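Enquirer: Given next are the chains, with one letter for each unit.
2 protein chains.
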Amino acid sequence: MPDAVVFSGGASGAWKVVRQVAVTGAPLPPVARIEKGGKAVTDAAWVLMGVTSNLRYTTAAEKRILDATPSVLGRPSATRGALIPITKSARWWGLPQDERRAILEEQSRHIAIGSAYLSKVSRQLVHCRDQAGARFDFLTWFEFAPADEPRFDELLAELRASPEWRFVEHEVEIRLDRGT
Amino acid sequence: MPDAVVFSGGASGAWKVVRQVAVTGAPLPPVARIEKGGKAVTDAAWVLMGVTSNLRYTTAAEKRILDATPSVLGRPSATRGALIPITKSARWWGLPQDERRAILEEQSRHIAIGSAYLSKVSRQLVHCRDQAGARFDFLTWFEFAPADEPRFDELLAELRASPEWRFVEHEVEIRLDRGT
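Listed in order, the protein sequences are those of chains A and B. Going by the numbering used here, the first sequence opens with residue 16, and the numbers climb by one from there. Going by the numbering used here, the second sequence opens with residue 16, and the numbers climb by one from there.
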């Protein structure tokens, strides 16, 4: 079964917000900290929730590459993180599967680009589009060591420059630190 | 945005239950009537809810065929219906996208089989796998005229005989009539 993943933004939480910006579209109310878990924090200013789910575009050959470097969350060295909620346009969601796949990978090389960063950047894709009342389609989550933050910046820049990102109509970036 | 679709089983509702069987796995508690809408009925014995969502496997070429005969719900002549909640196995969901697509269409011809019935059987696919706490992956809904019920039986028999159905581990069939 899919696992629920809940991000609570507010005054408490293991992750301190270092920077919070609206990349595209409306901002989220600014918060000091974020807690990530299976349930909402009771005093949260806002809560974003979704579920881990099945692969949507990845082929068997691509899955073998991804599985060779499993994404491990909670590494002691990975004290920096990012929560990037994303919503794609109605035009994206109205495309048939093969056209979305072609934009995502054949044109944008989303999976290939991400694969190059697997050993440095742990990640988790949380789906919320199919949750009634959700404000985002995805809650993307990343963890990395402070020394690897420039690599993470590169990853974001490459993805945001891709044709796929023309379909992103709402994106908020929240950089986090759990070392302080 | 995805639309919420809610099925309330109980003593009230527009659709009278003609037959309710567990095809595979556990039954649902038997009910006399089902209401389909955007919200749950307050006195429901059970509620199943999900959302309409984007296409998961359909190609552009297949979408053109489907779009040529749009599925119209609520036709006055379509007084018979069926609600068939389905759950697929963890093995299915663990497969990469290309392998699921190959089983669904190249091996099982799910879209092609369904296409042959478009003019007779209106349908709606409601997704609930990504809803926290959902008991089913899909709530499949069908409407047809009484004279076309044998065609609907054929459609079900064809799909259930396909390789895709080896991955169905829970399936309940509820036949409905809103004429009585």
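Careful, some of the hints might be misleading.
The list treats identical chains as interchangeable, and a pair is accepted whether it falls inside one copy or across any two copies.
Calculated lysine to any residue pairs in the SDA-like style (CA-CA distance at most 20 Å, straight line) [to be verified]: (1) Lys31 to Val183; (2) Lys54 to Ser92; (3) Lys54 to Glu114; (4) Lys78 to Gly109; (5) Lys54 to Arg181; (6) Lys135 to Asp18; (7) Lys78 to Arg106; (8) Lys78 to Trp107; (9) Lys78 to Gly148; (10) Lys78 to Leu110; (11) Lys78 to Arg190; (12) Lys78 to Trp108; (13) Lys78 to Ala105.
I should point out that these hints are in silico values taken from the structure, not numbers from a laboratory. Please read all numbers here as calculations on a predicted model, not as lab measurements.
Enquirer: Each hint should be assessed against the structure and marked as holding or not.
Expert: Comparing the hints with the structure gives:
1. Lys31 to Val183: neither (26 Å within a copy, 44 Å between copies)
2. Lys54 to Ser92: Neither: 25 Å inside a chain and 47 Å across chains, both beyond 20 Å.
3. Lys54 to Glu114: neither (36 Å within a copy, 33 Å between copies)
4. Lys78 to Gly109: For Lys78 and Gly109, the Cα distance is within 20 Å only across copies (10 Å; inside one copy 25 Å).
5. Lys54 to Arg181: neither (33 Å within a copy, 34 Å between copies)
6. Lys135 to Asp18: Answer is neither; intra-copy 24 Å and inter-copy 38 Å both fail.
7. Lys78 to Arg106: Only across copies: Lys78 and Arg106 sit 15 Å apart there, 27 Å inside one copy, limit 20 Å.
8. Lys78 to Trp107: between (23 Å within a copy, 15 Å between copies)
9. Lys78 to Gly148: Neither. Shortest intra-copy (31 Å) and inter-copy (27 Å) distances fail the 20 Å Cα cut-off.
10. Lys78 to Leu110: between (23 Å within a copy, 9 Å between copies)
11. Lys78 to Arg190: Cα proximity of Lys78 and Arg190: none, with 28 Å in one copy and 40 Å across.
12. Lys78 to Trp108: between (23 Å within a copy, 13 Å between copies)
13. Lys78 to Ala105: For Lys78 and Ala105, the Cα distance is within 20 Å only across copies (16 Å; inside one copy 28 Å).
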